[in-house]
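J.: Listed below are the residues making up each chain.
There are 2 protein chains.
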Amino acid sequence: MPTEIERKFTAPADGPFTDVPAIPVEQGYLVRADGAHVRIRKSGGAHTLTVKKGRGLTRQEFEIDISTDDFDLLWPATEGARVTKTRRLVPLSDGRTACVDEFAAQLAGLVMVEVEFSTEDEARRFRPPAWFGTEVTEDVRYSNSVLVTAGRPVTDR
Amino acid sequence: MPTEIERKFTAPADGPFTDVPAIPVEQGYLVRADGAHVRIRKSGGAHTLTVKKGRGLTRQEFEIDISTDDFDLLWPATEGARVTKTRRLVPLSDGRTACVDEFAAQLAGLVMVEVEFSTEDEARRFRPPAWFGTEVTEDVRYSNSVLVTAGRPVTDR
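Protein chains in written order, with the working numbering: chain A, 665 to 821; chain B, 665 to 821.
A few of these clues could be false.
[Stated by the list, open to error] With a Cα cut of at most 25 Å, we get these calculated DSS-like pairs of lysine-lysine: (1) B:Lys-717 - A:Lys-717; (2) A:Lys-717 - A:Lys-706; (3) B:Lys-717 - A:Lys-706; (4) B:Lys-717 - B:Lys-706; (5) A:Lys-717 - B:Lys-706.
[Stated by the list, open to error] Here are some, though not all, of the chain B residues that point toward chain A, as calculated from beta-carbon distances under 10 Å: (6) Ile-669; (7) Arg-719; (8) Gly-720; (9) Leu-721; (10) Thr-722; (11) Asp-729; (12) Asp-734.
Just so you know, these hints were derived from the structure itself, not from any lab.
The beta-carbon is built from N, C-alpha and C at its ideal position, and this holds for glycine as well.
Using the sequences plus the hints, can you model the full thing?
T.: Shown next as structure tokens:
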């Protein structure tokens, strides 16, 4: 099973990444269930369909590329469950890349940063830079698939 | 929104279709939620990914073709939620086509027949042939996405 091992944190809007190019991302959820979802995403000319299963640090992830036409055909099925954001790929001093997502539309004001790892041990040993905010890896409220309808957690505003 | 208008019935194993060629169908559910799912299907050389939303007579349906490689990549994500059946396209005397599904594996013994319509009015006016069994259009227990884990309804055995 393909796994994704990822730690997630909140981030400040003025972190050390404002000069990194921001890639527009539009994504929508086809179906969301307890701890599983199927999502389509348009980002920098690429269109993908992704199945994610599980919660927290380690999840199963299955992803295929789809055509623009197929993306357009499926997009109406995501009505009411869409996220608009920009993504910045920010190099960290340890050689890793952080993905900084700045949300727009109904989630405007929310900024999050994610870092992927090859193993859970690597993930545990990672020391986040000082500009990273609160860790929310295990906080289901910060999953994009929950944020999309529940909105930004009240304690974070 | 693309809609699917369909009436469903149980059927006898020895209905007037046993000489119609049976096409093997394998399908698996990527994610199932309350009244919505995403499914992949392999049938007669074609591979499709389908999003269905809603229940009963009229549902929303969004379908794309996917490659064999993409089907194979996504298939592990359907573990525990797979249906094996054969499908027969059976001409009816009114010119319509009935889809007769004979289930295998954990659903062996179950046979169902579906007929699609262009409008709800047409669907209501349809008089099922005498060999059709009980209508189960509104009986959620007979949805493939429920059958796959709940098994054949006890009252039908």
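J.: Indicate, hint by hint, whether the structure satisfies it.
T.: Status of the hints after comparison with the structure:
1. About 20 Å separates the Cα atoms of Lys-717 (chain B) and Lys-717 (chain A), which keeps this hinted pair within 25 Å; it holds.
2. Using a Cα cut-off of 25 Å, the hinted pair Lys-717 (chain A) and Lys-706 (chain A) holds, with the two alpha carbons roughly 20 Å apart.
3. Taking the CA atoms of Lys-717 (chain B) and Lys-706 (chain A), the gap is about 22 Å. The hint holds against a cut of 25 Å.
4. Note on Lys-717 (chain B) and Lys-706 (chain B): the hinted pairing holds, with a Cα-Cα distance of about 20 Å set against a maximum of 25 Å.
5. Of the pairs offered as hints, the one joining Lys-717 (chain A) and Lys-706 (chain B) holds, with about 22 Å between alpha carbons and a cut-off of 25 Å not exceeded.
6. Checking Ile-669 (chain B) against chain A: minimum C-beta separation of about 17 Å lies over 10 Å; hint violated.
7. Annotation: interface hint on Arg-719 (chain B) violated; nearest CB of chain A at approximately 14 Å, more than 10 Å.
8. Among the interface hints, the one on Gly-720 (chain B) is violated; its C-beta lies about 18 Å from the nearest C-beta in chain A, farther than the 10 Å criterion.
9. Given the 10 Å rule on beta carbons, the hint for Leu-721 (chain B) is violated: about 19 Å separates it from the nearest Cβ of chain A.
10. The interface hint given for Thr-722 (chain B) is violated, since its Cβ lies 15 Å from the closest Cβ of chain A, which is over the 10 Å cut-off.
11. Among the interface hints, the one on Asp-729 (chain B) holds; its C-beta lies about 8 Å from the nearest C-beta in chain A, closer than the 10 Å criterion.
12. Taking 10 Å as the C-beta cut-off, the interface hint given for Asp-734 (chain B) holds, the closest approach to chain A being about 4 Å.
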